[in-house]
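Kindly generate the complete structure, drawing on both the sequences and the hints.
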Amino acid sequence: MPFPPPQMDESLRESARTGNVSELYRLIERDGNILRRFDEVEFVDTPLHIAAKEGCIGFAMEIINLKPSFAKKLNQQGLSPIHLAVQNGHKELVLRFLEIDKDLVRVKGKEGETPLHHISKVGNPDGLLDRFLEVCPDCIRDVTTQNCTSLHIAVKNERFDVFQVLIRMLRKKDYYRQVMNQKDEDGNTALHIAASSNQPQVLKLLLECKVDKHVINQDGLTALNLAHQHNNKEIIHILRSCFCPRVSDFKYKLKKQIIDHTTMASSLFSYNTDNISGDDRNAVIVILGLLLTATYQATLSPPSGVLPVQGLHCKHCLHFLQ
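Sequential numbering from 1 applies to the sequence shown in full-length UniProt numbering.
In silico lysine-lysine, DSS-like type, Cα no more than 27 Å apart, as pairs:
| id | residue 1 | residue 2 |
| --- | --- | --- |
| 1 | Lys67 | Lys108 |
| 2 | Lys173 | Lys204 |
| 3 | Lys183 | Lys210 |
| 4 | Lys183 | Lys233 |
| 5 | Lys173 | Lys102 |
| 6 | Lys91 | Lys121 |
| 7 | Lys91 | Lys72 |
| 8 | Lys72 | Lys121 |
| 9 | Lys213 | Lys183 |
Calculated directly from the structure, the hints in this document are not laboratory data.
All values reported here derive from a predicted model rather than from experimental measurement.
If you want it as structure tokens, here you go:
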């Protein structure tokens, strides 16, 4: 016969809340099945859940020794004991859980959220993030029911501190590109989210890691498209320069060359105009006019629209540019 749903004895609940191991064994002596009944219900608060919420390390270790199955059991809110310990800031208890079973960090609760996902959302005040990634590096590959990785969650919640740690660990793995380019249920990568929410630091770090900037989401939009939609000008500038590095480099070099020649010509013109022949003086004036025009065009146009300095054919002009 199946056991009825367990109604936790108030004495058991109180012993778990206060961490009273002696009372636990007194209750076991009175009823040898007092813990067994919790196994018969799929979702239920066990004494381990209560001890984890309160941070009672000794009691929690005793319970997990007696009933290891409780460690991965979810309560009616979709939370495991380690979820509760993380949420309530009981770092030492969390570390003890990981010593017993490192895979507890991958237990999925409500909406597929793991303890790592929770830290990615709220931040890393206790330094647990580094420990999670140290004992179980592959936990960074876990996704929620919305197909979100910890990267998605960190960017959505603007947790740059968390994001930096995640990226640092990912770079050591051969699957880092796969995780960085992972799409959520809307087809958005972490780059899409950074672009739409105007997070240039995150964007730059992703681009340094060679994230795929051409990926489109379910609406057919790239990160650059989303930046335009939200009028995030700094993001637009970063992505545009990333898409067209050769054009940007060309313009920079051209402007520098024009400025150098303009400075040289201006110095020559102002140095001693009385000693310059009429033809040479006219050539210098022409050069200055053309260089100013070219500077303006180089600012507004791509390379094909820039007036090249090399296109000057006047022998006097060429003499001064050599």
